[in-house]
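Colleague: Spelled out from the first residue to the last, the chains are:
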Amino acid sequence: MASALLLARLVTPILLASFVQHASGLWPIPRSLSTGASAVKLSPDFVIRLDVPHPPEDVRAAMSRSQSRLHSDTFQRLALGRSSADTNAVKHAHVLTALSITLHPGSSVRDIAQETTRAIDQKDESYELRIPISQPEATLIANTTLGLFRGLTTFEHLWYDANGTKYALDGPIAITDKPAFPYRGFSFDTSRNFYPVSDILRTLDAMSWVKLSVLYWHIIDSQSFPLEVDAFPQLSAKGAYSPEEVYSRDDVRHIIQYANERGIDVVMELDSPGHTTAISAAFPEHIACPAKSPWSKYASEPPAGQLRIASSSTLEFARTMFSAIADTLPGTMMSSGGDEVNLLCWEEDEQTMSDLVTRNITIEDALNEFVQTVQDVIIQHGKTPFIKSDMVLTHNAPVVNNTVVVVWQTSEDAASVAERGLHLIHQPSNYFYLDCGAGEWLGNDVLGNSWCDPFKTWQRAYSFDPYANLTTEQYSLVLGGQMPLWSEQSSPENLDPIIWPRLAAGAEVFWTGTALPDGSSRISANTTSTAQALARLNELRYRLVDRGVNAIALQPKWCALRPGECDLDS
Amino acid sequence: MRLIAVLFAVAHVSGVLALWPLPRSLETGTNALKLASNFDVQIDIPHAPSDLKDAVSRTKSLLKSDKLGRLVVGRGASDHNTLQRSGSLRTLRVSLTPGSPVRSITEEARLAIGTRSEGYTLQIPSDGSSATLTANSTLGLLRGLTTFGQLWYEASGEIYTMEAPVSITDSPAFPFRGFMLDTSRNFFPVADIKRTLDAMSWVKMSQFHWHVVDSQSFPLEVPGYTELASKGAYDSSMVYSPKDVEDIVAYAGARGIDVMIEIDTPGHTAIISAAHPEHIACAQESPWTTFANEPPAGQLRIASPATTNFTAGLLSAVARMFPSSLLSTGGDELNTECYVQDAETQADLKASGQTLEQALDVFTRATHAAIRAEGKTPAVWEEMVLEHNVTLGNDTVVMVWISSANAAAVAARNFRLVHGPSDYFYLDCGAGEWIGDDVANSWCDPFKTWQKSYTFDPLANISASQAHLVLGGEQLLWTEQSGPENLDSIVWPRAASSAEVFWSGPGGDLNTALPRLHDLAFRLRQRGVKAIQLQPMWCALRPGQCNIDS
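Chains as they are written, first to last, in this note's numbering: chain A, 7 to 576; chain B, 376 to 925.
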């Protein structure tokens, strides 16, 4: 810690000086970063050279993607005149001929995908990157191939384009980096509206560019069941919107492999026992109150319908379904959801009531049994179970000790979860919900706004403090967090614009943590000023667009080209 | 009106009619009718204009390419049996009522606002005998073709309706049904504008209000003033050349859309200083909050005779690029402090003995005289009437934007007006603050939902004797936080809300509107416009089941 502090102090003046001329646009900003003021460029025959014996296939593929993007990226520096402003600097820049990539001696050589799917607290994503101004080779070193992958991502984002020449203005650069939190996610709802595989792959690419580490896939819900399950093919055959709107087993395998090779683990959520109406299309016997009216009595949104938790055959069905799906998932995490269960749905369900009488148990007993049943399946498959916070805080369900609780209703719930000594990830609706603020989607509610108004701006998400209201002893319970997109009003048409670049705010919150590399607090009064974050986020946005992701503009281009001139006080 | 209401209620029960905007008079049946495989549109007009022929071929091609399944569970797969017994439509006969002039759609669309003929009558028998479309103008025929194109679904390879016979007599309640796009804060390529014009035409919009330049960039290449774009555009690829303008204007005209260009003056002009610093007061002056509503500050030097001449010349040159009879000189958000602190302006005022308001009047009279000399009628933002005392011609069109409450005051001054109120029609609201170092929300929060826009009453607080002053309205996209990346998703289908308010008239029912708007949004997506989903698809397939009280 002492040496990191010393380094941070050294970095401060350099970083400030460099901002005056040119912001280094890394996002998320590395934990430790030192930059100079010398121009550096890549030689026309620049190569990325892997000095690792028997390199895994996905490492070579990642290198080759990086190499190819160094050619195809056409992003020019956001400054008046763009690259023409730097013509002279580029001409006299120090030439780099190679990036040499190595693992620390003694490190084991595993696939990126393998490293990515290790237990969440055992991943090593750290790396060190050096861009010299006197030697011809840059160096990247790490303990794992996953760390190398993170470093390659950083390396790609150092360069601007000037007629095909890639250059930076702030050499030498020294980066020593690792994430503040291992869990940095995006939660994605593919049930309310469906997204083709290609949209998910593009999203995974963009996620990897901001070093997100988890896709939390809310794959099914009450509206549709797009997941093909071998044990129950009827689930998607009858519960998907259409035969074209199904993720086949191959699709899922492909998506997970694609994600894992990009440093992203996949946590699949099978939300239960609520949010399951779509199951009734194939198995009406397992669902209480399906599409019952008025829906507002029986569910948080239409259509109503929940698994019959008191029925032993439904428990068996849930066990089989969880098991069949868990069998297909390589990661070490899986979620049983558990949000928004509605007791009235069961109280008015004759079969549930008779099951309760027969077995002489209460609804809460049945709920506990259900949670234990599905958690058991998850654990038997070697995975850590995730659960939504209301199952713990509202229903007091007896979850296993290593459960990870997804805190969603409000950021204030995190402290209550931590008090119980449970691990948690932050997904608070009052900071991170990407869907809020687009108005009411229910019919016949003329001037209704969205339930979680207002729109969560990138500034709002960025201001999140993962340790708020927690004691230092509880800090270790926080694994990270994720921004979710619930898809009632979203679909492939607006996927990119509604998540990018806002999702990147969450990525930096959980990679960089609470302090910027200069030692200052990431969360302060001027945290979203141009100097701190906006200029870098503008740069990320233009890079995303350059790579084919339809990220929205955060400001008029006039402002993006003139960092600082569109601040409130400029 | 009572007849229409009853018929409409019946149509809704049968469940599927998806026209948007809703025709003013509509009768539908309950028979199935399919398009024959050799279906054709026959134009019974001698020497039919080529843009009408083009509109017919576009319609025919959309009939084939839409491939929209009915929005019901099963998407109409079960309609197959019914269709085997149904009539088969072989011909739509298109004709003008006897004695009507044969002019191109483009010419008709560019007639002075209020004098255009957009009405049409469409009859589709259920027995397979020819359907007929008649109108008094080719523009009316275009509107009717648009309606015809929205009637059909596809299932099992058949293109069909379940609601024959159909009888429609239609004409718009208001002539100005618009969409405004700001292409200065962020730039939009010509292709994006054309796609937007297509979508606009599919909901029968009549007016594209092009806010082409502003303080941030000057993307319009104006003959004689090319330095403005060469120095003021974001870069050389972000310029609308005269050829681009010609292309856009022609594309719009052929689709029944007139293009009203706006050169916002004297405020919102900072970027002119890139080429002509001598004409701009307080250019990029700091703190911008003192001198402008948003950065960068900078306004034309209205007290300078040279600047006035320059502006009048520029506006004349722009007027010559655009065939519309309307041209907006803008006039919003003028900042007094900018001039108070500008030594040149103060010296000019002193020399002429004018107050600032007098200078503004002289300036405005000069610019309006210049465009009138080119045959244009000026349009201005509401402040020119409500906050400043400038001399305006009686026929000036006033654009109301600050608040819907201000329309009555404009009408009281006896000016024609167009509704674009920020509290109903601003498509950009609700996306948070774009100014740096500020965690506030957008100034015009909250997000304007389609429902909110749909409840707008164009005649609220306006007396019957003033009603004729209301030309219509428009939804607007200011692009501080928008670009080509989110153009479709931020505009569609919300902009269709006002298209129906101003075509069908106010007072539409939101519950029956929602399934129709779903239908439109699905059709837009089939046609390549990225309209957002209004609800989970589960709801779209089950009208009424996702109401708050269902």
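Just so you know, the hints here were simulated from the structure itself, not pulled from any lab data. These numbers were taken from a predicted model, which means no experiment stands behind them. Glycine included, C-beta positions come from ideal geometry on N, C-alpha and C. Among the hints, a few may not be true.
With the Cβ distance kept under 7 Å, some of the chain A side facing chain B (calculated, not the full set) [what the hints assert, rightly or not]:
no.	residue
1	Q229
2	P308
3	I367
4	T368
5	T379
6	G443
7	Q561
Distance ranges between label pairs, derived from CB positions [claimed, not checked]:
no.	chain 1	residue 1	chain 2	residue 2	range
8	B	E602	A	D575	24 to 34 Å
9	A	A91	B	Q901	22 to 32 Å
10	A	T364	B	L885	41 to 51 Å
11	B	N789	A	A91	48 to 58 Å
12	B	K618	A	S299	51 to 61 Å
Colleague: Against this structure, judge whether each hint is valid.
Modeller: Structure-based check of each hint:
no.	hint	result
1	Q229	holds, 4 Å
2	P308	holds, 5 Å
3	I367	violated, 33 Å
4	T368	violated, 31 Å
5	T379	violated, 28 Å
6	G443	holds, 5 Å
7	Q561	holds, 5 Å
8	E602(B) - D575(A): 24 to 34 Å	holds, 33 Å
9	A91(A) - Q901(B): 22 to 32 Å	violated, 45 Å
10	T364(A) - L885(B): 41 to 51 Å	holds, 47 Å
11	N789(B) - A91(A): 48 to 58 Å	holds, 53 Å
12	K618(B) - S299(A): 51 to 61 Å	holds, 59 Å
Checked against the numbered hints above, the structure violates hints 3, 4, 5, 9; every other hint is satisfied.
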